[in-house]
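Undergrad: Spelled out from the first residue to the last, the chains are:
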Amino acid sequence: MGRIVLDKVTKRFGDVEVIPPLDLTIEDGEFTVFVGPSGCGKSTLLRLVAGLEDVTGGQIQIDGSDVSSMPPAKRGLAMVFQSYALYPHMSVRKNIAFPLKMAGMKSAEIKRRVDNAASVLNLTDYLDRRPGQLSGGQRQRVAIGRAIVREPAAFLFDEPLSNLDAALRVGMRLEISELHERLKSTMIYVTHDQVEAMTMADKIVVLQAGVIEQVGSPLELYRTPRNTFVAGFIGSPKMNLIEGAAAASYQAHTIGIRPEHFDVSAEGGKWSGTVNVSEHLGSDTFLHVQGTGLADSITVRADGEVAFRHGDTIHLTPREEHIHRFDAKGLRVE
Amino acid sequence: MATQHSRSAARMMMAPAVILLLGWMLVPLCMTLYFSFKKYLPLRGGDLGWVGFDNYTRFVSSSSFWPSIYATLVIVGGVLAITVVFGILLAILLDQPMWGQGVVRMLVIAPFFVMPTVSSLVWKNMFMDPNYGLFAHLWRFFGAEPIQWMSQASLPSIIMIVSWQWLPFATLILLTAIQSLDSEQLEASEMDGAPIISRFWYIILPHLSRAITVVILIQTIFLLSIFAEIFVTTGGAFGTKTLSYLIFQRVLESQNVGLGSAGGVYAIILANIVAIFLMRIVGKNLDN
Ligand SMILES: Nc1ncnc2c1ncn2[C@@H]1O[C@H](COP(=O)(O)OP(=O)(O)OP(=O)(O)O)[C@@H](O)[C@H]1O
Ligand SMILES: [Mg+2]
Numbered sequence: 001m002g003r004i005v006l007d008k009v010t011k012r013f014g015d016v017e018v019i020p021p022l023d024l025t026i027e028d029g030e031f032t033v034f035v036g037p038s039g040c041g042k043s044t045l046l047r048l049v050a051g052l053e054d055v056t057g058g059q060i061q062i063d064g065s066d067v068s069s070m071p072p073a074k075r076g077l078a079m080v081f082q083s084y085a086l087y088p089h090m091s092v093r094k095n096i097a098f099p100l101k102m103a104g105m106k107s108a109e110i111k112r113r114v115d116n117a118a119s120v121l122n123l124t125d126y127l128d129r130r131p132g133q134l135s136g137g138q139r140q141r142v143a144i145g146r147a148i149v150r151e152p153a154a155f156l157f158d159e160p161l162s163n164l165d166a167a168l169r170v171g172m173r174l175e176i177s178e179l180h181e182r183l184k185s186t187m188i189y190v191t192h193d194q195v196e197a198m199t200m201a202d203k204i205v206v207l208q209a210g211v212i213e214q215v216g217s218p219l220e221l222y223r224t225p226r227n228t229f230v231a232g233f234i235g236s237p238k239m240n241l242i243e244g245a246a247a248a249s250y251q252a253h254t255i256g257i258r259p260e261h262f263d264v265s266a267e268g269g270k271w272s273g274t275v276n277v278s279e280h281l282g283s284d285t286f287l288h289v290q291g292t293g294l295a296d297s298i299t300v301r302a303d304g305e306v307a308f309r310h311g312d313t314i315h316l317t318p319r320e321e322h323i324h325r326f327d328a329k330g331l332r333v334e
Numbered sequence: 001m002a003t004q005h006s007r008s009a010a011r012m013m014m015a016p017a018v019i020l021l022l023g024w025m026l027v028p029l030c031m032t033l034y035f036s037f038k039k040y041l042p043l044r045g046g047d048l049g050w051v052g053f054d055n056y057t058r059f060v061s062s063s064s065f066w067p068s069i070y071a072t073l074v075i076v077g078g079v080l081a082i083t084v085v086f087g088i089l090l091a092i093l094l095d096q097p098m099w100g101q102g103v104v105r106m107l108v109i110a111p112f113f114v115m116p117t118v119s120s121l122v123w124k125n126m127f128m129d130p131n132y133g134l135f136a137h138l139w140r141f142f143g144a145e146p147i148q149w150m151s152q153a154s155l156p157s158i159i160m161i162v163s164w165q166w167l168p169f170a171t172l173i174l175l176t177a178i179q180s181l182d183s184e185q186l187e188a189s190e191m192d193g194a195p196i197i198s199r200f201w202y203i204i205l206p207h208l209s210r211a212i213t214v215v216i217l218i219q220t221i222f223l224l225s226i227f228a229e230i231f232v233t234t235g236g237a238f239g240t241k242t243l244s245y246l247i248f249q250r251v252l253e254s255q256n257v258g259l260g261s262a263g264g265v266y267a268i269i270l271a272n273i274v275a276i277f278l279m280r281i282v283g284k285n286l287d288n
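Chains as they are written, first to last, in our numbering: chain L, 1 to 334; chain A, 1 to 288.
Don't read these hints as lab results, they were simulated from the structure. Be aware that one or more of the hints could be misleading.
Label pairs and their computed distance ranges (CB to CB) [as the list claims (entries may be wrong)]:
id, chain 1, residue 1, chain 2, residue 2, range
1, L, 162, A, 176, 23 to 31 Å
2, L, 61, A, 114, 51 to 59 Å
3, L, 71, A, 201, 34 to 42 Å
4, L, 162, A, 10, 37 to 45 Å
5, L, 107, A, 26, 33 to 41 Å
6, A, 275, L, 38, 37 to 45 Å
7, A, 97, L, 151, 32 to 40 Å
Chain L is nowhere near these chain A residues, computed Cβ spacing over 12 Å in every case [to be verified]:
id, residue
8, 31
9, 49
10, 65
11, 81
12, 101
13, 109
14, 125
15, 144
16, 191
17, 198
18, 202
19, 207
20, 228
21, 268
22, 271
Note that the Cβ used here is the ideal one computed from N, Cα and C, for glycine as well.
All chains should be modelled from the sequences, with the hints used to inform the complete structure.
TA: So this is what it looks like as structure tokens:
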């Protein structure tokens with residue numbers, strides 16, 4: 001069990017209100033991802049749930065009971081830190097066993113659980129090493145091992161993959177997703193990498209300056225962003241936001257077109273411009289088009305085989321059914 | 001950088017410092033060894049020739065030798081225990097965010113800048129004097145008989161005085177070590193359900209082990225040779241005669257340079273035994 005409810009939770013550091021009153025419900029077993037730009041309060045929100053920071057106002061409930069003034073250990077949550085926060089002078093085995101030892105568990109039971117966690121996480125060969133003798137990915141797994149042995153009501157992850165290189169990150173992303181499939185426990189995952197958010201989440205919470213901009217499944221956010229902030233934040237490369245006459249012709253203040261929703265042609269189309277940079281990724285080509293009169297630069301995602309190069313003239317046609325319209329306040333218009 | 005040429009240049013440039021330091025160390029060492037094999041009484045006939053190991057046997061067979069070793073070890077051990085334990089407590093205290101932190105830290109460090117003679121005299125006369133010392137007033141206030149610190153509790157008094165001087169050093173080193181502890185580790189242990197005592201025992205103390213080692217090693221080196229504190233307080237009476245004080249008495253009070261030099265050689269040996277012993281127990285803390 002692990003249903004987490006935030007009820008008008010507020011956090012101030014001195015005079016600065018980092019989290020204005022915020023309501024959020026995280027269902028049992030859900031994989032929730034907090035995304036947002038740096039400094040928007042993701043870590044703070046997670047630490048509030050963990051109990052490492054005290055709420056200034058409002059209430060946090062776990063499975064129906066108010067935990068706002070409970071110490072972290074009593075909340076039954078486990079956290080994986082960005083720096084892993086392993087205990088450097090203890091072996092991997094002792095690190096993983098530490099929460100169980102603190103809970104006063106029998107040593108036979110501790111051994112059973114540690115061995116179990118180690119085999120799940122492929123750490124069996126490293127149990128007698130110190131954290132300093134492990135690679136980044138292995139340390140990450142030890143940190144996860146230390147979290148899972150306690151069988152917590154929910155897991156909290158604060159940017160757990162940001163210290164890993166790109167290849168390892170993809171691998172660990174899968175491992176965490178598999179872990180969630182197997183354990184079926186609630187997980188809250190903080191990241192500013194929107195690829196992680198899109199691929200892992202059941203539910204994404206987009207934050208800006210402590211305010212929830214939108215909550216929804218990855219595809220909901222992709223298809224129907226509630227405002228220009230979410231539209232620009234979710235999706236890679238970013239959605240093109242176009243104002244002015246082109247937007248007015250769609251009866252909107254701003255229109256948003258994702259790079260993948262353009263048809264390109266050398267002969268003719270709705271808008272035209274010159275290719276400034278073309279980035280060939282093999283499967284796709286990202287074209288940065290200038291001089292369209294729409295915005296400084298329009299990003300277009302085209303087929304991997306297109307042959308546009310710097311200086312070529314290109315014609316763009318948006319797919320009408322995929323155009324997002326926003327009003328002057330930046331809110332979505334249907 | 002480390003080419004043949006640059007390495008020999010580096011050696012050339014380091015040479016003056018190395019030669020100076022070596023001379024500084026070797027000249028007294030050689031003179032001590034030289035005199036330790038001589039009967040040399042400056043006021044009673046001067047150089048009276050070579051005597052072999054005579055001075056060495058006489059120094060050890062003197063009735064003050066073993067008590068002086070004992071006094072030395074008790075003082076060093078006592079001061080180490082007090083400075084390490086209170087140093088850790090003070091460091092933890094000073095690490096807490098509090099009002100006036102900067103001033104408090106300055107005050108804690110201040111004793112280190114007071115000269116040993118001055119601080120010992122202040123302790124002896126202002127605190128420990130059995131008639132008008134502050135402690136005497138305190139004892140009388142509670143209706144107790146004031147303690148004759150310097151005679152009845154001579155070793156504890158000296159340990160107290162020296163600890164007061166060295167506590168700032170230990171605190172300072174341990175404070176910087178505590179400040180380097182990753183706060184996420186403490187938070188992780190908090191999440192793991194460790195109460196405050198366990199957090200200290202399993203996280204903070206192991207983190208400090210290296211700094212504690214450094215404090216013990218450096219203090220031991222200096223404490224083996226404390227002198228001024230004893231000279232101005234008990235003058236070596238009441239069982240406070242340490243090895244270095246005994247050597248001083250042999251050379252200057254008895255005017256027996258040969259005997260004192262032999263004692264000096266023993267002191268070098270003792271310091272090395274203690275150093276090797278310490279390195280052994282704490283050395284493993286330093287390698288990882
Ligand atoms: N202890 C603190 N005292 C004062 N302000 C703080 C404190 N901790 C965080 N803040 C402020 O709160 C805001 C949110 O910080 P937080 O760490 O939650 O950001 P974040 O979304 O996790 O950013 P990042 O992606 O860079 O980790 C920031 O503006 C930060 O300066
Ligand atoms: Mg953060």
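Undergrad: When you take the CB atoms of residue 162 of chain L and residue 176 of chain A, is the distance between them in 23 to 31 Å?
TA: Given a distance of about 28 Å, which is inside 23 to 31 Å, the answer is holds.
Undergrad: Once the closest CB in chain L is found, is it more than 12 Å from residue 202 of chain A?
TA: The claim breaks: residue 202 of chain A does not keep its Cβ more than 12 Å from every Cβ of chain L (closest is about 7 Å).
Undergrad: Closest CB-CB distance from residue 144 of chain A to chain L, is it above 12 Å?
TA: holds, 44 Å
Undergrad: If I take the minimum Cβ distance from residue 198 of chain A to any residue of chain L, is it greater than 12 Å?
TA: Given a closest Cβ separation of 6 Å, the condition is violated.
Undergrad: Please settle this one: residue 31 of chain A was flagged as non-interface, so is its CB more than 12 Å from every CB on chain L?
TA: holds, 46 Å
Undergrad: Mind checking the hinted window 37 to 45 Å against the Cβ distance between residue 275 of chain A and residue 38 of chain L?
TA: violated, 51 Å
Undergrad: Given the hint of 32 to 40 Å, is the C-beta distance from residue 97 of chain A to residue 151 of chain L inside that range or not?
TA: holds, 35 Å
Undergrad: Would you assess whether residue 109 of chain A, listed as outside the interface, keeps its beta-carbon beyond 12 Å of every beta-carbon in chain L?
TA: Nearest chain L Cβ is 29 Å from residue 109 of chain A, so the label holds.
Undergrad: Evaluate the condition: distance from the CB of residue 228 of chain A to the nearest CB of chain L exceeds 12 Å.
TA: holds, 39 Å
Undergrad: Do residue 107 of chain L and residue 26 of chain A keep their Cβ atoms within the hinted range of 33 to 41 Å?
TA: About 57 Å separates the Cβ atoms of residue 107 of chain L and residue 26 of chain A, which means 33 to 41 Å is violated.
Undergrad: Is the nearest CB of chain L more than 12 Å from the CB of residue 101 of chain A?
TA: Label holds. Min Cβ-Cβ 17 Å, cutoff 12 Å.
Undergrad: Holds or violated: is the Cβ of residue 207 of chain A farther than 12 Å from all Cβ atoms of chain L?
TA: Violated, because the least Cβ-Cβ distance between residue 207 of chain A and chain L comes to about 7 Å, which does not exceed 12 Å.
When each numbered hint is compared with the structure, violations occur for hints 3, 5, 6, 16, 17, 18 and 19.
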